[in-house]
Structures are given as C-alpha cells and as structure tokens.
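In order, the protein sequence lines correspond to chains U and S.
Counting from 1, position 164 in the first sequence corresponds to residue 164 in the UniProt record's numbering; the numbering is continuous, with no gaps.
Counting from 1, position 452 in the second sequence corresponds to residue 452 in the UniProt record's numbering; the numbering is continuous, with no gaps.
Errors might be hidden in some of the hints.
Simulated crosslink set (BS3-like; lysine-lysine; CA at most 27 angstroms straight-line) [stated by the list, open to error]: (1) Lys469/S with Lys452/S; (2) Lys38/U with Lys298/S; (3) Lys341/U with Lys341/S; (4) Lys324/U with Lys253/U; (5) Lys341/U with Lys324/S.
Here are a few chain U residues that sit away from chain S, every Cβ distance over 10 angstroms (derived from the structure) [unchecked claim]: (6) Asn12; (7) Gln55; (8) Lys94; (9) Arg247; (10) Arg259; (11) Lys293; (12) Glu294; (13) Glu316; (14) Ser389.
Hints are computed from structural coordinates only; laboratory data are not their basis.
Built from N, CA and C at the ideal position, the CB exists for glycine as well.
Protein chains: 2
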Amino acid sequence: MKNAVGREIPENIPGLNKIRPFEGAFAYQPTGRLVGPKIPVNVPRTEKTLKSIDQAIEATGLRDGMTISFHHHFRNGDYVMLMVIEAVARKGIKDLTIAPSSLSAVQDCLIPYIDRGVITAIETSGIREKLGDLVCSGKLSKPVIIRTHGGRARAIESGETHIDVAFIGAPACDTYGNINGVDGPSACGSLGYPMVDAAYADRVVAITDNLVPHPLYPISIPQSLVDFIVVVDKIGDPNGIATGSLRISNNPKEQVISRYAAEVIEYSGYFKDSFSLQLGSGGASLTAAKFIKEKMLKQKIAASFGVGGITGVMVEMHEQGLIKRLFDTQTFDTPSIRSLKENPCHVEVSASLYANPHSRGPIVNNVDFVILSATEVDVDFNVNVLTGSTGRLMGAPGGHPDTSAGSSVSIIVLPLIRGRRPMIQDRVYTVVTPGETVDVIVTDYGVSVNPKRKDLIDNLRNSSLPVMKIEELQRKAYQMTGIPTPPLPPSDEVVAVVEYRDGSIIDVIRKSK
Amino acid sequence: MKNAVGREIPENIPGLNKIRPFEGAFAYQPTGRLVGPKIPVNVPRTEKTLKSIDQAIEATGLRDGMTISFHHHFRNGDYVMLMVIEAVARKGIKDLTIAPSSLSAVQDCLIPYIDRGVITAIETSGIREKLGDLVCSGKLSKPVIIRTHGGRARAIESGETHIDVAFIGAPACDTYGNINGVDGPSACGSLGYPMVDAAYADRVVAITDNLVPHPLYPISIPQSLVDFIVVVDKIGDPNGIATGSLRISNNPKEQVISRYAAEVIEYSGYFKDSFSLQLGSGGASLTAAKFIKEKMLKQKIAASFGVGGITGVMVEMHEQGLIKRLFDTQTFDTPSIRSLKENPCHVEVSASLYANPHSRGPIVNNVDFVILSATEVDVDFNVNVLTGSTGRLMGAPGGHPDTSAGSSVSIIVLPLIRGRRPMIQDRVYTVVTPGETVDVIVTDYGVSVNPKRKDLIDNLRNSSLPVMKIEELQRKAYQMTGIPTPPLPPSDEVVAVVEYRDGSIIDVIRKSK
Numbered sequence: 001m002k003n004a005v006g007r008e009i010p011e012n013i014p015g016l017n018k019i020r021p022f023e024g025a026f027a028y029q030p031t032g033r034l035v036g037p038k039i040p041v042n043v044p045r046t047e048k049t050l051k052s053i054d055q056a057i058e059a060t061g062l063r064d065g066m067t068i069s070f071h072h073h074f075r076n077g078d079y080v081m082l083m084v085i086e087a088v089a090r091k092g093i094k095d096l097t098i099a100p101s102s103l104s105a106v107q108d109c110l111i112p113y114i115d116r117g118v119i120t121a122i123e124t125s126g127i128r129e130k131l132g133d134l135v136c137s138g139k140l141s142k143p144v145i146i147r148t149h150g151g152r153a154r155a156i157e158s159g160e161t162h163i164d165v166a167f168i169g170a171p172a173c174d175t176y177g178n179i180n181g182v183d184g185p186s187a188c189g190s191l192g193y194p195m196v197d198a199a200y201a202d203r204v205v206a207i208t209d210n211l212v213p214h215p216l217y218p219i220s221i222p223q224s225l226v227d228f229i230v231v232v233d234k235i236g237d238p239n240g241i242a243t244g245s246l247r248i249s250n251n252p253k254e255q256v257i258s259r260y261a262a263e264v265i266e267y268s269g270y271f272k273d274s275f276s277l278q279l280g281s282g283g284a285s286l287t288a289a290k291f292i293k294e295k296m297l298k299q300k301i302a303a304s305f306g307v308g309g310i311t312g313v314m315v316e317m318h319e320q321g322l323i324k325r326l327f328d329t330q331t332f333d334t335p336s337i338r339s340l341k342e343n344p345c346h347v348e349v350s351a352s353l354y355a356n357p358h359s360r361g362p363i364v365n366n367v368d369f370v371i372l373s374a375t376e377v378d379v380d381f382n383v384n385v386l387t388g389s390t391g392r393l394m395g396a397p398g399g400h401p402d403t404s405a406g407s408s409v410s411i412i413v414l415p416l417i418r419g420r421r422p423m424i425q426d427r428v429y430t431v432v433t434p435g436e437t438v439d440v441i442v443t444d445y446g447v448s449v450n451p452k453r454k455d456l457i458d459n460l461r462n463s464s465l466p467v468m469k470i471e472e473l474q475r476k477a478y479q480m481t482g483i484p485t486p487p488l489p490p491s492d493e494v495v496a497v498v499e500y501r502d503g504s505i506i507d508v509i510r511k512s513k
Numbered sequence: 001m002k003n004a005v006g007r008e009i010p011e012n013i014p015g016l017n018k019i020r021p022f023e024g025a026f027a028y029q030p031t032g033r034l035v036g037p038k039i040p041v042n043v044p045r046t047e048k049t050l051k052s053i054d055q056a057i058e059a060t061g062l063r064d065g066m067t068i069s070f071h072h073h074f075r076n077g078d079y080v081m082l083m084v085i086e087a088v089a090r091k092g093i094k095d096l097t098i099a100p101s102s103l104s105a106v107q108d109c110l111i112p113y114i115d116r117g118v119i120t121a122i123e124t125s126g127i128r129e130k131l132g133d134l135v136c137s138g139k140l141s142k143p144v145i146i147r148t149h150g151g152r153a154r155a156i157e158s159g160e161t162h163i164d165v166a167f168i169g170a171p172a173c174d175t176y177g178n179i180n181g182v183d184g185p186s187a188c189g190s191l192g193y194p195m196v197d198a199a200y201a202d203r204v205v206a207i208t209d210n211l212v213p214h215p216l217y218p219i220s221i222p223q224s225l226v227d228f229i230v231v232v233d234k235i236g237d238p239n240g241i242a243t244g245s246l247r248i249s250n251n252p253k254e255q256v257i258s259r260y261a262a263e264v265i266e267y268s269g270y271f272k273d274s275f276s277l278q279l280g281s282g283g284a285s286l287t288a289a290k291f292i293k294e295k296m297l298k299q300k301i302a303a304s305f306g307v308g309g310i311t312g313v314m315v316e317m318h319e320q321g322l323i324k325r326l327f328d329t330q331t332f333d334t335p336s337i338r339s340l341k342e343n344p345c346h347v348e349v350s351a352s353l354y355a356n357p358h359s360r361g362p363i364v365n366n367v368d369f370v371i372l373s374a375t376e377v378d379v380d381f382n383v384n385v386l387t388g389s390t391g392r393l394m395g396a397p398g399g400h401p402d403t404s405a406g407s408s409v410s411i412i413v414l415p416l417i418r419g420r421r422p423m424i425q426d427r428v429y430t431v432v433t434p435g436e437t438v439d440v441i442v443t444d445y446g447v448s449v450n451p452k453r454k455d456l457i458d459n460l461r462n463s464s465l466p467v468m469k470i471e472e473l474q475r476k477a478y479q480m481t482g483i484p485t486p487p488l489p490p491s492d493e494v495v496a497v498v499e500y501r502d503g504s505i506i507d508v509i510r511k512s513k
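Isolated chain U, as found in the complex (with noise of 0.2 angstroms):
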C-alpha cells in the first residue's frame, strides 16, 4: 500500500507488530492512555550508589529480550553506551533492543556486540558510518525503527517503546541521584532526552564521573526518577563532546544560502517583534543568524524565544538582548554550555516538551521561523535528512519533522548542487519530512515556494529574492549536471523503518543489494 507521501509500505514487516502508513501531518488522532513506569518504592536513607556498572546491571533486573535506553548528549565523546555494553556481554546477556536518543559515528565500536547477539535491535533517531552500513546490509533480525526527537518522546509516553533500564550518562550527579548536565569534566548541556527516559523506564542508573554531595543545583533529573548510581573514571571525552564555538560559515555557496534565508523571513510576513525562531546547527543555518540580526537591529525587534539544539551563534543572540528566551533540548557547543548555566532565561526542556506530537502543545508549536538543512530535496517539497541519494545511512530525522511541522515557516536551506550531483530530486531517497510540512526551499540558484503557501508567495513578491517554482529551480540544476542517473533498486527486505513523529510509516529502508 502507498502512504500520504506516495511510498510503498509492506503490510506487514517481519519482526514489527503493526504497521500503520503516514497519512498526513495531522491526520492522526491518538486514542488510550499514557503509560506509566512500575511504581517505585524507595526507604529512607537508601544507598543508591553500587560498585560498578555489572553490579547496576545484576540490580536492574535486565535480562536478554529487555530494551536498554541511551542518551547522545556526549555525541562522538560518548564512554557510556560501550561500557554499558561491554558489561552486558560479560553477563552473557543477549537478545537486547537498545533505544539511544541518536547514535554517532563512535558508536560503530558496538558493531562485535550486534555480531555476537548482544544486540539484536535498534530504535534511535541518527544512524551512520559503519553501522548504518551495518543496517543496511540486512545484518539485525528486525528493522531498525528510525524515530525524530518528539517521535522518540512520544513512543516512550505511549508505550510504544517500552524501557527496563534507562542509562544516563550523568555529567553531575549527587549522592541522592540528582543529576544535570552543567557541571563537570564531561559537561554536555541540556540533559532533554534522557529526561523522558527517567520518567517512564522501568528502572533507571545514572553513570557519572563526577559524584557530588547532596542536594545538587541545578537539578535537570530529579533523585526521584534515579535507582542507582555508578561512579566510573569518565563517562566522556570532552573533546567530542564539544569543542569550542560552531563557526558561521565563510563558505560563499553558503553565505549566499544564508543571505536568502533572511531575506524570506524579514519578508514572509511574520518578521515582527517577538517573533520566535528555531536554528540548525549546520553551517547555512548558522550563517543565516548574522543577517537575521542585522534585520531585528535595523526594524528594532526582539525574538520572544528561540529553540532546539542551542549554539553560540544563537546564546550570542540571547545575551545581547535580541532572543528573550531560549529553549534548550540540546546544547551544541562550549558557549551554550556555559551560557546553559549561567542565564537564567536559557531553559532546560524536554524532548517531549520541545517537540512531542501527542501533548496538549510542543515548543515547536510555537515557532515561526526554522531554518533547517537536508541532504536532498524533490519536487514535492519531501525532505531527505537520513539517508544519501543512493542510499546510505548517514544522517538522522532529529526535530526536522517536528519543527517542520510546528512552525509558521519552515526554511529549507541546501546548496542545488552538491559535487557533481543535484539537490532537487523526482522523488528523494527516503521521505523524512514531508513536503505538506515544508514552505520554502533555498538554494545559492534560487527560492521556491510551496504552492499551497500563496501568503508566502505573495508577501516574497516584495523582496529580491530569486523566486521560482520549483521544477524551474530543478531545471536548473539539470542545465549543470544532467539528468542524474537514478540509483540502484534496492531488494525487497525492509531494514529500518522511518517513523513520522505521530508513530506512522513515512518511509522504509531496504536492503542494499
């Protein structure tokens, strides 16, 4: 059967148990309740802090078919995800599902544990490098289940993903298990995703490198949410946790990217004061903060708020007075780092709060204005973040379906053309956000808006911007590269789903041949 977006779902999925297509941004209406984690109990005084990291595991509970979770704060300086592992194996403990918030390119050292059935599935959000390969060779008994940011917080909400132990990597964590991000030698920020990790696992460890006495301040992760605790020598490697400041772009490609950027919002016709914004963290994204400023000094404006994944770019904002608050699920660099704990209106959410569908109103709700990247676009205005044009897993939805879909005007920022290839594709690879959800593509060769925005359209008028459809845009393209050659048909076996945020189909991956 096709869904909404016109892709083939298989009615039935070895190894899934039930497969519902995406029919459209909004078009589901969830029924049920919540869930909720077993109830817990804890006597005064209680010791929560164990010897070690198998001892934790011995006290969990865990046994082979249980689902573990993860958090990606520490993103390739990440220790706790191998540890985890490593002492799962020593158990003899096999036939695990683990469900990180994401998974990075340091995470190909858990490839021997998928080899010898430690590890017999997978639910994250980002997949790449050799385990992506990994995944797409048809290596895991069941398909990976590709989920964004809001997605991830609403399958745990729900049910969907059940979790018997949350692992949280904990940069500060007090004796109580109190725990937050800010403080430390392995300080990564925003503890948002293991945030919902915490309220609905089953049992839940803290790994930490820093214990510190009781009570701790801030506290992001409450001790009534944490069983144990386990002290290690270091929960990460700072240097790939974050070094230094993410960059505005130099690149003139980019710049040119950016500069349109801009230029769509001061004219879309929600440019005002308290407007609010969300901001990649890739280069265009970034760069488009240094026009967007020279717009707000100009009209004299404030933003009410900016959010998501926090940088410099955006804390450097904030703190000149021009973005009043910001919301933090995922704290990208060194100055968001510090700024996360030392302003006051730089405020710690939740995934679920940032971006779940399924709740009486996610930030992404609110936004006006996001700017987001991707690795292709098509004709339908269907963004691709997850895969490459033939194929590869190299990215991850992230909150690029939420936010796409939360916000008054989603930005599409891409190059048209990358190395010898074009950006604007018949059909993308694999559909991640849907083109309903999408506004406004921009190239270094031009703007295209989507048809159904005629506001957009009409208020683009008065700006300068290179304005055209976007089979034109596509054409150009094809006038510097030629047609592409379409990539190769993959087999029939699905390897990894792509879930949309409401928990449908939107996409699926299939084996490579």
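Got chain U; can you put chain S on it based on the hints?
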C-alpha cells in the same frame, strides 16, 4: 480488624472500593504500574483561551459523576473553587467528586452545592470549620478520603484518584498555557500541588487573572500539560493568600518548647555541617529556627537544604548562607514568595518529588530534622493533627506523616496542656502520624524520646534537657488537669477515612452523635 496502630478498621466501608488497613510505615510493597492521562494532541497555533469557565466546562466534556481537582495555594484567599462549582451547578452537572489538595475555611462556601447534590464526594488533605462539621454529621453519601501531601501525589500517579478535569488557579499564565505562581496580583509562590494534577488529569484548565505573552518565565507547569485557559477578574484575595511574614512567637510557652527542640537537634548526633531541615509553619516550629541559627553560627556549620512549606524565617537563613538550598512545595508568606522569584537556589518542587513514598526517593527521605506541631499525641507516640480531642475536624495531615517517616529525627512540639486539657493522651482521637515514625516529643514541661531510638536517648544524656518517659510526662499533665474524661463515643458510621501516605487506612472518622 485492627490495624498496626490498634485502630478498628471496618472490612467494608460503603462508598469505598477496597480497604487496606495500615500495616506499618514501610510495610506495603506496591505492585503494578503508574497510570497516564488520555493521550492528548494539539495542532500548531491552536487557540487555547476560552471566554468563560462555562465554556471551559463544555470543552472538557465534564459530566455527572466525574472527579475535578483544585489546589489550595491560595489558602483562605481562594476564589477559584467557588467560581468553578458555581459554573458546574449552572450547567446542571451533579454528583461530582472534588479532589483539592486541601480545603480552607473559605470553602464553607461550597456547602450549598453539597446540599444540592452538585458535590457528593471529597478527597482532600485538610477539612475544617462548617464543612468539617457537615462531614462529621454524615451529610455526604461517600466517606471523605483524607490524604497526606505525598499520599495525594501517590494516589494520583497510581490511578487511585483519577482526575477527569483539573482546574488550576494560575497567578501568571501565558497565551499557550505556561503557568507560574510567582507573578501577578494573586502570586502565591510554589505550585507544587497542581504540578501533579496537571501531569495526570485527562483535561487541564488554567484559570488566571494575569494573562501574559508567550513564553512566560519562569515556567512551573508547562504548556504541554494545559488544554484550556480562562481569564477572570480575580482568582484570589491577596490578603487571604499571604500577608506579611509568618512571625516568630513571643509566647513564653512556645519559647521554652522551641529552645528545647533546638537543643534536641544540637545533641541528637545529626547536627553537623550539611545537615538538612524542615520546619512547620506553627509558632513553636518557626521560633525554634532562632535558636537553631544561634547554634549553627556558634559551631560554624550550614544546612545543605531546607524543605517544606517555606516561610520568611527559612528564607532569611537561606539569604544569610545558613541554608544552601530551599525546596518549596508551598510558599507560606510574602518574603518567601519574593524569594522563590529571586533566589535561584530556592527551588520549586512538586508534591510528588517532595513526599511521594512510591518514588525512587522523595526529598523527605533526605531530611535530618523536622519540627512539627500536633493537636495531641499519645503514649505510643502516635500524633493527631486532624481532629480535636473530641473528634471535630479541624486540621490536615499535610506533609506531617510524610516528613515524619522520611526524616532521621522527627520532633513533635506541643504544649503539655491546652486550656484545661492534657495533650498527651492514652490514645489520640485520630491517628494521623504513626508513633513508629515519631522520635521525640517536646513540651514545655519536658521531652520524651521514642524508646526505639536508643541512639537519641544516649545522645541526649549530654544535654541539659528534662528528658523523661512519655508516661511521666503524661503524669505531669494529669497532676495539673486531672485525668480527662474520655470523649463521647461516636456512632459506627464511617464519614471519613484517614489514609496513610502509602494508601492504607490508618484511622477512620465516625459520624458524630
């Protein structure tokens, strides 16, 4: 059948589903899972603000037989409960259970709605004045359920109390439903009680007299939990919410009791740097702070945290560096409302984090000393804070049983004699806090230590305190008052049950004759 504090608990109580007698403070091992609310959904840019409470009642689908909740942070200044019940009555809805976090004297205004069958059941912490008398007279068809603050959070999270609609009086609310209690003309400080309601109710309505632009800062209850907003003229009377500072007592009896309580702390063996502390809001409890402070300054030590209902007395110690953190579920006076807004280490916490026994560790579990008042105690160290010696409903368990169970040293302060009545009974009229969790009873005529606390008995030998057996203390009282005549026995009909924090029945209130 008799429970673990020797009270006769009927096996069946009409109107209640299951009766589980109290078996000991930590005897009950819960099973099962926490529950969740109906899965909500909200499309971007939904208008949450409705024109009236009547409209909100329609929007929530409230109907006969449902349960609605409120918070009591406005104390005797609350306008919200009456406004909602009036609107409910206008709609002809009947047979509601109200489940406020507590009831104050001002809620006598609800009596006509009980007479008319609009309200037919009550779950609360406190109940007093004419409403209390009404309950004792057997007017309600179901017994009132009286809970501790931690027990209420437990009941809601476990699904024992299912809230269909929570109505939350919001001193500040933004246009997408973010709420705090520290801003606006009806500022009350912490919103620790309705934080729990908002997370578990099927529908949540914010009622505010202070609608502000999105996004509010700080946020106590986030937009993701709030369905609807109603703006009214006034949600409360500031004079009833908090007036000035709760004062240290000059009453000579209370001075003696306070000095003794402070000396118990000093010699207990737990009085060292980084100790932790809860003080009740009663005069003797607050006055003890003065003496504790002197001892802290002398010994050059500071407390790691203070918790509970926060008062100006604790705020002053915090601002002087004597208490490093304040955890605040309920803010009692004007200086502490100001402090919650201004002091970053004065932190708002939910009633669940504060005191829920079915948690991986509420804050009460970390408390070293708590000083609590009582209406009467008995020779088994059981404490009554709910009824007078003749059974009249006049108080509330509040956090008393929670913090008494959690703390290392639980100190009960009360005068040996009130009026012409001795305050140490053979049996308290109603057991609210079981003697096994009470460590020291301090009166103006002497101090008694629970015999099971041999460590405290030993340590207090070094003090100059008049320590004596509880029977001896009782004898002293009788010498002055004579042996009191026992209260008239009530009828058999149960009009209220007193739940211990774990959901078991520790005592019942019977219909007055």
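Against chain S, does Lys94/U keep a CB gap of more than 10 angstroms to every residue?
-> holds (26 angstroms)
Find the nearest Cβ of chain S to the Cβ of Asn12/U and say whether that gap is larger than 10 angstroms.
-> holds (25 angstroms)
Any Cβ of chain S at or closer than 10 angstroms to Glu316/U, or is the non-interface label fine?
-> Non-interface label stands for Glu316/U: nearest chain S Cβ at 19 angstroms, farther than 10 angstroms.
Take a quick look at whether Lys341/U and Lys341/S sit within 27 angstroms of each other, Cα to Cα.
-> This hinted pair holds, its Cα atoms lying about 18 angstroms apart.
Whether Gln55/U stays farther than 10 angstroms from all C-beta atoms of chain S, as the label says | holds (17 angstroms)
27 angstroms Cα cutoff - pair Lys324/U, Lys253/U | Violated. Lys324/U to Lys253/U sits at ~31 angstroms, over the 27 angstroms cutoff.
Please confirm whether Ser389/U is truly not at the interface, meaning its C-beta sits more than 10 angstroms away from all C-beta atoms of chain S.
-> holds (31 angstroms)
Between Lys341/U and Lys324/S, does the CA-CA distance stay at or below 27 angstroms?
-> The given pair, whose Cα atoms are some 18 angstroms apart, holds under the 27 angstroms limit.
Agreement of Lys469/S and Lys452/S with the hint, judged by alpha carbon distance not exceeding 27 angstroms | holds (12 angstroms)
Is the nearest Cβ of chain S still more than 10 angstroms from the Cβ of Arg247/U?
-> Nearest chain S Cβ is 28 angstroms from Arg247/U, so the label holds.
Least C-beta distance from Arg259/U to chain S larger than 10 angstroms = holds (28 angstroms)
Closest CB-CB distance from Glu294/U to chain S, is it above 10 angstroms?
-> Given that every Cβ of chain S is farther than 10 angstroms from that of Glu294/U, nearest at about 25 angstroms, it holds.
In this structure, the hints that do not hold are numbers 2 and 4, in rising order.
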